[in-house]
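Position 301 (the sequence shown) corresponds to 301 in the working numbering; numbering is contiguous.
To be clear, the hints were calculated from the coordinates, so they are not data collected in a lab.
Errors might be hidden in some of the hints.
[Unchecked claim] Across the chosen pairs, the derived CB separations fall in these ranges:
(1) ARG694 x VAL33: 25 to 35 Å
(2) ARG99 x TYR466: 38 to 48 Å
(3) PRO501 x PRO202: 54 to 64 Å
(4) ALA200 x ASP242: 36 to 46 Å
(5) ARG155 x ARG924: 24 to 34 Å
(6) PRO202 x HIS407: 21 to 31 Å
(7) VAL33 x PRO785: 55 to 65 Å
(8) GLY334 x ARG41: 21 to 31 Å
(9) ASP471 x PRO15: 32 to 42 Å
(10) ARG27 x ASP895: 48 to 58 Å
Just so it is clear, the structure is predicted and the values come from calculations on it, not from any experiment.
Quick reminder that beta carbons are idealized off the backbone N, C-alpha and C, glycines included.
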Amino acid sequence: MSETPQERTEVADAPPALRVDLLGTLRLSVDGVPVAVPGARRRAALALLALAGDRGVTAERLMTALWPDDLPENAAQALYNHISRLRSHLGRLSDRLQRRGGGYALRLDRGELDVEEARRLSRASAAPGTAPSTLASTTRAALELWRGSALEEFRSLPELEAEAVGLDELRLRLIDDLLEARLALADRAAVVAATSAAHAAPLRERTALLLVRALAADGRTAEAMAAAQGYRHRLAEETGLDPGPALAELEQRVASGTLSGGDGGLADAGPGPTRTVGRPDGPLVGRQHDREEVLRLLQAHGVVTLTGAGGVGKTTLAIDVAADPTAAPPRASGAPGDAVVVDLAAVDLPERVFQAVATTLRLRTSSAVRPGDVAAALAGQPLLLVLDNCEHVIGACRELVVTLRRHAPDVRVLATSRGTLQLPGEYVVRLQPLPVPRDSSDVVALRRQTCVRAFLEHARRLRPGYDLPFDDAPDLVEVLRRLDGLPLGIELAARQAVVMPLREVRGRLDRALDLSTGRQDLEDGRQRTLRATIDSSYRLLADHERRLLCALAPFPGGVDVATVEALAADDPGGEVDPVDVVHRLVDTSLVVADPSSGRFRLLFTVRAFLTDELRRDGNLERAERQFVDRCLAVAREVGTLIMGPDEPLADRRLRAELDNFRAARDLAAARGRDDVRVGMTLALADAAIWRDVREPWSWALEIATDGSLSDRPERSALLGCAADAARLLGELDKAERLGEQAIAAAGTGFEPTRAYAALGSVAHFRGDFATARQHWLRGAEQSPPWAAGMIASAALAASYDGEPGEARALLDRAFREVAVSGCLSEAAFAAYVEGEMLAPTDPEAAVPHYVEAIEYGSRAGAVFVVGVARVGLASARTRTGQFAEAAADFGRLLDSWRRTGHNTQLWTTARNAAALLAATGRQRLAALVLLSADAQPAAAAVSAVIARHSGRAYVPISDLVDEAQVDALRAEAARLGPRRVLQLLEGELGVVARIE
């Protein structure tokens, strides 16, 4: 039965049962009533589920999206908790959020998601023959759905950031469509809107063209020409590109006065026999998002290029996209247009590209085919043309595509290439290798990983029923890691795995470059081994490009621009800007760029190939020498910058360079480069003190026991660094011994400040605050870069010793030092000490100082300072009765200290957490924790006197249990061991966090 107009109005006016709005700040409404959704991760989960709709999202994808940097051990449980809370937010509609397969799906009906409504209106406005007035009203309705930037709050999450970029593009396209309609309707006010749109998107060509047209239609010819010239200049200055031919044509028409408002679209070719593409042979795993992105771009843009490293799966994805009937532009009848794939792998000369395209398309052309011939034959025909493997004939492909866009605009081009076509209006989708699993302990979860699924599907094509045994999981993870998650490499490994155990495949990884697919049907010989794949790209490079690429090979952690320039400076034949060279290497997909960090890295397989090339050419030793020398220079730069105002930048650089530093030290040890080992240890010692970066600690301890270095002039400084490393690990006796050796080894004129710092810390942990103060102030006498931290430490010792006046004077002095150095971590530590001085008598007043310390420390990457400030904050919350918040803080801190190896802080935190247990009626477990702490050599001393003046908690055992129970509890603590006692503590803290 059809609806009456009144019924339709009532239906339209009724609010949807469920509504999710993402075009602005996330909003959820149930039966028209707004529902608050707290928590960033829960809100992100709702956004992901809403965007996926009935397709659903796998649990693996949700976890990866919500925790992109560091997946917690209990990620599955945490995800379940978020899903459960989301169901409660949905109220009576909770059944809309369903478990589906290995994930979840949120069922949304029409009109319940603003994003889908905007896309539906966009599709309606793009329908052929849409009247300008209808187009204007439809696009206006779509644009009114935006309340701000789409998904703005989620742009730090890569999964949602990609969706946000697509929605930004949709909004810009709608704005352009509305301008197009207003121009067709001769709306004189369109010039204002066009000016605003061009200002908001200054590099967008279509918007710039619409502004020129609007100005010309308003009779402002000079301004129209100026706008065109301004766009041309702006594009060249900011991108180095030239605008498309449409701008020049428009300028000519404006100048000649022939521009009219009636210029519209192109006539569509009539229906004809449809040419389709079959699905690719082999699995397409982990590319659904890329596939959807390519299809989306093809709907709106004439040229899309799939690029990425050799073997990453460009051809497979392109063929799969071409097989989709929605990829080709539709005919006038609405039927799908043609799709044709032209394989250029075997085309050996650029001039033969045009003939190959003409032959594949079965075009009637002359014997000497030119781009114009192909364009003329295809004019007016809706066609998706896939140009596969363009990299070795990229100039000819570029010429062909430019001609097609000018004279056959109904042809969409999807290109695959290891480099981009470098065309105006070209949209690039850069395929990345499949994500490689990190953990092999859970085989069930491992089988769901994208990389593993691809491996299993390839193996099962060769041996049906093949499965992954539990014992083989670690070997498979290592194989996938060493193959960089490259689909071609995974296929090669799967072929080996069906005929030999995975441990043997792993053992043959040093020959991974030469593993064969065994597929003799491949026309492209470059795809038969990884070595052939990489070599085909390598041989296309100029000599200076090869030299710089080979210089990058020893760097496992990648490089920044400064290192690129330093390496290029050592190349006597390098006269080209090295930044241009590395961008060219990125464009050829031999180097991977990370725009967020500004670093460049090589895939493992590419590094292996280049190492073989260096060894074959006799240049490996020189490249390795460049590598260790550069790492030493970078370590010294980081060590200097990290104690000043540039500390946040230096912290990021330290963490980014760790893989390089490790490899350089190993190589230096193998090559007898003691200067590098010693230099890097001393340079990074200060940087590691406040951070969760343990390698420099172990380096210092290793060097301190190396007898071959006993005569070096840096001996005292090395021993001092080793002493500080030992105390950080909770080995207080060892720290004291090494510190005393450092002082004894100090020569005339050298003050072993780091040794005094270590001895001060040991005395402080043992409760000898006067001695601690003396050592720290002695260390600060020579005004080392870390003087503020040592003076603040002395202030802390004075405060703990019941000397508030001296503590105040010392802390004020520390703040003056901080003002001079500008070092954020030192400022954070001083703020922490301020909190500690207030906490014993006024815990509420201490809280803002702890919060300030956490903020400064987080910005600086000073994890240690953040940790001790959080301990103080949690203890203050305990004293003020905020037990749930304190318990949650203590639980996180125990896990953090254990992971970073700070045993002294671990047991200080455990003792303070025991005080919380006691305050919430859990006396027996509190006593068990305290007795276990008393038995730990790394635990800091605590007594009633110390607790009176410090943030260290002290609870007498006798206040918790009867004296008769103490011996039995002490024996129980010894039997359980410290690890199990801490596990019991963390479990009970979790209970307190949930119910108190």
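- Item | Non-conforming hints, listed in increasing numerical order | 1, 2, 4, 5, 8, 9 and 10
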